[in-house]
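Colleague: Whole structure, please, built from the sequences with the hints as guidance.
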Amino acid sequence: MSTKSINTIVDRRDGKLAMAHFYVAFIALAIGGLAGLLQTLVRSGKYELPWGIGYYQVLTVHGVVLGLVLTTFFIMGFQLAAVSRTSGALTDKQRMTGWIGFWLMTIGTVMAAVMILLNEASVLYTFYAPLQAHALYYVGLTLVIVGSWIDGAALIMAYASWRKANPGKPSPLLTFMAIVNTLLWIVATIGVAATVLFQLLPWSLGLVERVDVLVSRTLFWYFGHPLVYFWLLPAYMAWYAIVPKIIGGKIFSDSLARMSFILFLLFSIPVGFHHQLMEPGIDPAWKFLQVILTFLVIIPSLMTAFSLFATFEMFGRSKGATGLFGWVKKLPWGDARFAVPFIGMLAFIPAGAGGVINASHQLNQVVHNTIWVTGHFHLTLATSVILTFFGISYWLVPHLTGRVLTKAMNKLAIIQAVIWAIGMTFMSGAMHAAGLLGAPRRSSFSTYGGSEQAAEWIPYQVAQAVGGSILFLGIILMLYIFINLAFFAPKGEQEFPVGEVADAAEKTPMVFENWKLWIGITVLLILFAYTIPFIDMIQNAPIGSKGYKFF
Amino acid sequence: MAQPGIGKKTNTKVEDQSSLKGTLASVFLLGFFLIITWVGVYFLFLDRF
Amino acid sequence: MHIHKFEKIWLIFGITTLLVFLSVIGVSAFYLGNQPPSCLATINPEKVDTTAPFDKPGLKKVEGKEWDYELVFVASAFAYNPGQVEVPKGAKVKVIATTKDVIHGFEVAGTNINMMLEPGFISEYVTTFDKAGEYLIVCNEYCGVGHHMMSSKIEVVE
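Going down the list, the protein sequences come from chains A, B and C.
So the first sequence is numbered by our numbering: it starts at 1 and just counts up by one.
So the second sequence is numbered by our numbering: it starts at 1001 and just counts up by one.
So the third sequence is numbered by our numbering: it starts at 2001 and just counts up by one.
Any given hint could be a false lead.
Said to hold, decoys possible - Keeping only pairs whose Cα atoms sit at most 25 Å apart, straight-line, the calculated DSS-like set for lysine-lysine is: (1) LYS164(A) with LYS93(A); (2) LYS319(A) with LYS2005(C); (3) LYS2131(C) with LYS2092(C); (4) LYS516(A) with LYS1021(B); (5) LYS491(A) with LYS546(A); (6) LYS329(A) with LYS250(A); (7) LYS2008(C) with LYS2047(C); (8) LYS319(A) with LYS245(A); (9) LYS516(A) with LYS164(A); (10) LYS250(A) with LYS2153(C); (11) LYS2008(C) with LYS250(A); (12) LYS250(A) with LYS1021(B); (13) LYS2047(C) with LYS546(A); (14) LYS2094(C) with LYS2005(C); (15) LYS2100(C) with LYS549(A); (16) LYS1021(B) with LYS2131(C); (17) LYS319(A) with LYS1021(B); (18) LYS1021(B) with LYS2005(C); (19) LYS546(A) with LYS2089(C); (20) LYS507(A) with LYS2092(C); (21) LYS491(A) with LYS549(A); (22) LYS2089(C) with LYS2056(C); (23) LYS250(A) with LYS169(A); (24) LYS2047(C) with LYS549(A); (25) LYS245(A) with LYS1021(B); (26) LYS319(A) with LYS330(A).
If you are wondering where the hints come from, they were derived from the structure by calculation, not from laboratory data.
Modeller: Printed below as a string of structure tokens:
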């Protein structure tokens, strides 16, 4: 398994490409974080936005910049670095492909951002028709996606050259995982690209008058759920393959890690209806079928939970820990590279519990579109995933810039994560609670004409603002650490940790690299879950909708 | 490194280093948490009209 | 591929739990009829005001049906019609709603009545209003600048 020829340092030129992605990602964090702070303040009822800025404009900024821009840029940068580290430096052609992808994504981001700032696109990041944004907003988002495909092509090319040079061998684990996530992304984004290119863009340009709303939403959610797994899998890459090395332990099982990634590829796509459970026009039996498929995608996460605990326990016991939980004390709590992602892992427990509830067919009536859902994905994306991304940054950014994470920065990083956890407990906890009482998501402050029920929500909204303010403090700290690591930290060599497999774990079966098989099953599952309801939608379609600009 | 501490172990059985009983306990705690929250919302659903 | 004994125990436990969850909601949905709102009927969204039953929004007693009343709502940016309605406690009601323009989210706060209103489609939900009180109806899907001003009220009276 260990071919010693593989470099332990990411090629400097590949590092530049990855860092370019990170600069955009952290600028997005600054802008989107500020937007988030403003939203929680407005919704507390104690603050109003100045200069005629709209709440929903700010909300659009927050969603687009954090949900689409920060994530996509960070993930692509991280995956480029991980592939370069584990499969060798990119060729010039591959690197050039990566740069083309990066610039397309950046240009697209700027276009979409300008339209949002001009208040031409206050349609949120889900841009549900028939609310109609400026055509350039859709063009911008398309460019972000096309750019990410080209970035992905660079990764796939690098993987192909590794396979060619190492026939009959399983690819390095991190490379394998990055490729699974890239394939997942490509298959998923076909849906959103289809609705934008064939429905929304011609409609916003006035080439067609009407749009089929349900088809557009269905294509969006075909993309929307694998999107969240596209965010999650890079965090799982770090949890499975990097954190074990950081703590000085071993990967629990290479094969199980690969298997769970393959299961994510298969089952995270044909499940979009669980975002559309409350919609007319879809037969409930088809909804339930996708609910079952959604439950299947919980299984690899159950496997992940076991693998991670096992990695930690095996390490602790090898250090002499005894008793049921003695191993917990042996973990390196003072090391931000471990402690920060660990807090993210813990957050995934309530996050996952909420997710199971959301997906449970008619139980969704209790929480659908309430602020519970916002609380839910601020645990998944905005805690589990983002804290893991921060944890990755603490070694990856200095590794790429030829600097080191100093003791002081390490300490600050841990403080940052603790602040984040506290802020999120307030914000997400209050969101979950208010959501159960019925408070809607994506809504500005309102007393709803003096309604008693709405009055009950306000204390929770104040708690959200307290949490939001604490989180914003966390963002400032994070940006300070990032800037330090990128430009000011002392020169040196920071390790890019890559885990090794535990001795007991055996050889990795080659079947995991059989892409024809896995992509074939993925496509079959998608066809199974979507073909008939999709035909129904088109056959029973009502007259389409004209565009509305209610912003 | 892995030698049991002198005079410390009174148990006849030396603790198995590769034991994963803590892992099993942890995941079951997680499992119970999933069940409790799910059942909680399920009853909320039943209680409401 | 080797799987640790404890991991097998955990996966069996976990998968069984998921199966139990699925059975509970499956039986509830397909046997007891607690399906999420999934009406398949369509309507021309530009002619809502002249199409029955949306030409007369509000509560209406009906005979010979499985429910006693029909409660009709028309949503448009940024209001519900009717803006307030009284329902007798214990009444079995079919709530019927649609939108004249963009997507709205019809949610009666504190109840299970929660459904998307999409242009061209009718949304329905049947339930028994068995608790007295005042219930706020909000719009829970972003529909434009006035989204948070959009509301109505149901009073369930003895």
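Colleague: Look at each hint and say if it fits the structure.
Modeller: Results of checking the hints against the structure:
1. LYS164(A) with LYS93(A): holds, 16 Å
2. LYS319(A) with LYS2005(C): holds, 23 Å
3. LYS2131(C) with LYS2092(C): holds, 12 Å
4. LYS516(A) with LYS1021(B): Measuring from Cα to Cα gives roughly 39 Å; hence the hint is violated.
5. LYS491(A) with LYS546(A): Between LYS491(A) and LYS546(A) the Cα gap is close to 58 Å, so the pair fails against 25 Å, i.e. violated.
6. LYS329(A) with LYS250(A): Within the cut-off at roughly 18 Å; holds.
7. LYS2008(C) with LYS2047(C): violated, 59 Å
8. LYS319(A) with LYS245(A): holds, 15 Å
9. LYS516(A) with LYS164(A): Measuring from Cα to Cα gives roughly 17 Å; hence the hint holds.
10. LYS250(A) with LYS2153(C): It is violated: about 59 Å lies between the C-alpha atoms, which goes past 25 Å.
11. LYS2008(C) with LYS250(A): holds, 20 Å
12. LYS250(A) with LYS1021(B): holds, 18 Å
13. LYS2047(C) with LYS546(A): Holds, at roughly 14 Å.
14. LYS2094(C) with LYS2005(C): violated, 52 Å
15. LYS2100(C) with LYS549(A): holds, 14 Å
16. LYS1021(B) with LYS2131(C): Outside the cut-off at roughly 48 Å; violated.
17. LYS319(A) with LYS1021(B): Holds. LYS319(A) to LYS1021(B) sits at ~16 Å (cutoff 25 Å).
18. LYS1021(B) with LYS2005(C): It holds: about 11 Å lies between the C-alpha atoms, which stays within 25 Å.
19. LYS546(A) with LYS2089(C): violated, 40 Å
20. LYS507(A) with LYS2092(C): violated, 63 Å
21. LYS491(A) with LYS549(A): violated, 52 Å
22. LYS2089(C) with LYS2056(C): holds, 22 Å
23. LYS250(A) with LYS169(A): With a Cα-Cα distance of about 21 Å, the restraint between LYS250(A) and LYS169(A) holds, given a limit of 25 Å.
24. LYS2047(C) with LYS549(A): Holds, at roughly 20 Å.
25. LYS245(A) with LYS1021(B): Holds, because 22 Å separates the two Cα atoms, which is no more than 25 Å.
26. LYS319(A) with LYS330(A): Given pair LYS319(A), LYS330(A) holds - Cα atoms ~7 Å apart, limit 25 Å.
Violation of the numbered hints given earlier is confined to hints 4, 5, 7, 10, 14, 16, 19, 20 and 21; the remaining hints are satisfied by the structure.
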